[in-house]
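Undergrad: One-letter residues, chain by chain:
2 protein chains.
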Amino acid sequence: MRILILGGDGYLGWPTAMALSKKGFEIMVVDNYLRRNLCRNLNVEPLFPLPNLLERAKILKEITGNCISVRIGDCSNYTFLTKTVRDFQPDTIIHFAEQPSAPYSMLDHEAALLTLSNNLESTLNVAWAVREIVPECHIIKLGTMGEYGTPDIDIEEGWIEIQHKGRKDRFLFPRQAGSLYHTTKIQDTDLLWFYVRTWNLRVTDLMQGPVYGFLTKETMLDDRLLTFFNYDELFGTVLNRFMVQAVAGYPLTVYGSGGQTRGYINLIDSIACIELAATNPPKPGELRIFNQITETFTVKQLAELVRKVGRNRGYDVKIQNTKNPRIEREEHYYNPVYSGLQELGLKPTYLTDDTLQRAFKKIEEYSQNIKSDVFTLGIKWG
Amino acid sequence: MRILILGGDGYLGWPTAMALSKKGFEIMVVDNYLRRNLCRNLNVEPLFPLPNLLERAKILKEITGNCISVRIGDCSNYTFLTKTVRDFQPDTIIHFAEQPSAPYSMLDHEAALLTLSNNLESTLNVAWAVREIVPECHIIKLGTMGEYGTPDIDIEEGWIEIQHKGRKDRFLFPRQAGSLYHTTKIQDTDLLWFYVRTWNLRVTDLMQGPVYGFLTKETMLDDRLLTFFNYDELFGTVLNRFMVQAVAGYPLTVYGSGGQTRGYINLIDSIACIELAATNPPKPGELRIFNQITETFTVKQLAELVRKVGRNRGYDVKIQNTKNPRIEREEHYYNPVYSGLQELGLKPTYLTDDTLQRAFKKIEEYSQNIKSDVFTLGIKWG
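From first to last, the protein sequence lines stand for chains D and E. Residue 61 in our numbering sits at position 61 of the first sequence; the count goes up by one each step and never skips. Residue 187 in our numbering sits at position 187 of the second sequence; the count goes up by one each step and never skips.
No lab work stands behind these hints: they were computed from the structure. You may find that some hints are simply not true.
Because identical chains share one entry, a pair is satisfied inside a single copy or across any pair of copies.
[Said to hold, decoys possible] Calculated lysine-lysine pairs in the DSBU-like style (CA-CA distance at most 30 Å, straight line): (1) 83 x 380; (2) 371 x 165; (3) 371 x 318; (4) 22 x 58; (5) 23 x 308; (6) 168 x 300; (7) 347 x 308; (8) 300 x 283; (9) 323 x 347; (10) 23 x 83; (11) 300 x 23; (12) 165 x 347; (13) 58 x 165; (14) 323 x 283; (15) 362 x 283; (16) 380 x 61.
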């Protein structure tokens with residue numbers, strides 16, 4: 001199976017590419033270094049060394065013999081994307097090529113516009129390129145659990161049957177997100193659902209929760225194969241940020257009361273889910289949606305877990321409840337269904353002290369790279 | 001009240017501007033001539049003479065003394081838009097500045113991308129400009145009934161309470177559109193709803209059905225004040241197209257069985273609804289949604305009405321059921337609520353033989369302009 005990975009330089013893209021290459025799939029990765037450029041411009045560089053994508057593919061080949069083809073270019077450039085799809089003739093496209101940060105999308109008008117146009121144009125282009133060149137190709141799109149927000153009803157996997165005034169119909173589960181970034185993901189869903197119905201595309205939309213961790217079989221082979229790991233307020237997801245804060249002796253910054261509940265997933269499971277989706281494609285004309293999480297935590301619980309493990313490792317970890325820069329409910333109902341991927345075969349890797357211990361160790365090796373001034377950058381929603 | 005009308009050169013924008021100017025509102029219109037350029041490029045020029053926007057404002061002033069300020073520029077250019085908003089300091093912005101054609105949005109990749117980027121970027125820019133410059137300003141956004149599609153349940157006005165597994169919450173009514181254009185309108189709704197919640201904007205979203213007619217008090221003053229009237233497959237809405245087909249002796253092209261039911265509204269009422277929305281703004285933090293239609297018809301019923309009136313005027317009107325180029329249900333349940341605007345004071349102008357007669361007369365005066373080859377251009381959804 002030929003798998004084209006768009007956004008292959010990113011936190012998820014690169015370890016996914018390595019893992020799927022190891023499994024024997026033929027892999028091409030595409031990236032325009034958008035995330036690298038944004039992180040450099042905003043001075044929120046990642047923690048680990050990060051050879052460029054061509055170098056990383058070369059290193060992987062030297063170490064494992066596995067080949068990953070690389071193309072540098074922009075998926076919102078249709079000429080580039082169609083040439084790539086035409087040359088590679090993928091059976092599956094995994095679409096990570098989006099601006100993935102909620103705080104970045106709230107920074108200013110320019111960042112909002114970049115997020116909106118990059119995310120939607122790349123998705124539009126993927127749908128068109130598949131229709132024009134490889135109509136049987138399976139598109140795996142990374143969505144987010146954040147599309148649903150925090151409704152007062154149980155969150156189903158993508159769809160809901162609504163009974164209303166004695167009649168009923170099936171609809172996309174209602175979506176109402178907490179940032180512009182998350183809103184662009186809702187808009188992606190609208191877009192793909194339209195083209196699936198119209199052109200009989202095959203699409204899997206993975207509603208993923210925040211991913212944590214960075215240690216996979218392949219990233220552990222050599223530090224130069226580690227993934228794009230941010231720990232700053234802009235691009236660092238919450239658990240990753242907490243671990244680095246603990247190592248830096250910086251208080252864990254919990255927004256508001258910390259009662260915000262979300263579904264989380266280990267990077268290893270995120271990759272496993274993508275492989276399961278790829279090897280079990282939906283039929284033409286189907287938009288298949290999975291909720292890609294394995295367990296739920298409040299932010300407070302995550303902070304307490306990190307504090308416990310940090311203290312065991314000799315750190316004096318403090319938790320600081322800061323004014324919430326986001327507009328969100330801090331105490332709310334949250335009951336998502338997430339059985340679909342486990343029915344396909346996912347064996348969850350739950351968050352344990354041991355997982356955190358091993359992550360701590362690697363972060364400690366790079367502790368001289370930590371810049372504490374990026375933990376709090378003062379980005380506000382309101 | 002200062003009202004800024006974005007897309008003021010269009011089918012709705014121009015007559016709305018004239019009517020609101022007559023009522024004593026201070027009006028500025030903005031347009032980048034996108035629709036004019038597309039119609040010229042695709043050779044689907046409008047039926048009536050169309051002096052440019054600055055000329056039309058001058059003619060209106062000569063005839064009525066009413067002043068409309070004009071700025072030519074692109075709302076997806078944020079520098080231009082913010083300068084305009086800063087200079088004019090509107091109390092209300094009416095946002096018509098979108099690519100409005102479903103068939104155009106399905107033409108090819110370039111048209112799809114233009115529709116997506118123009119419509120969403122202009123809406124993003126409007127939200128940002130209001131937040132940064134005139135945070136109390138009321139945004140009136142033209143949505144479409146097409147956002148809802150044709151669900152098997154009653155269509156409420158924008159919102160629905162969902163009962164699910166013993167709990168309940170209120171959500172946007174589920175949306176599932178029949179073209180890329182209509183999908184961008186769903187995406188607009190997502191975007192505005194996010195910024196309303198986050199920034200306490202005041203927004204009215206008008207889910208409008210296809211508008212018909214072109215005779216208003218102001219357009220009847222002088223033919224040079226007539227509106228942008230398309231009758232082609234790309235930009236002509238169904239009833240307008242049927243009337244011109246009848247006058248041209250061309251069969252009325254009904255797609256498929258013609259059982260497609262939609263809500264319709266006379267241009268006069270469309271303008272009245274916008275005035276009602278403007279003079280009754282929602283409170284900050286409210287996304288108020290109205291279904292802007294006054295009655296429902298099947299396409300077949302419209303064709304029969306036009307045939308009846310056409311025959312009375314001596315035309316041998318034929319109805320031709322053509323293969324449906326769209327992907328849509330031709331027989332379906334359709335029961336929308338549309339009481340909100342009538343509760344605000346709208347007195348509906350229903351579709352009568354007399355309304356059609358008067359429209360026919362004016363079309364006949366320009367029958368030498370009709371180009372029959374634009375009735376059917378062969379644009380297909382699939």
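Undergrad: Check the structure against each numbered hint from earlier and tell me which ones fail, lowest number first.
TA: Hints 2, 5, 8, 9, 11, 13, 15 and 16 are the ones this structure does not satisfy, whereas the remaining hints hold.
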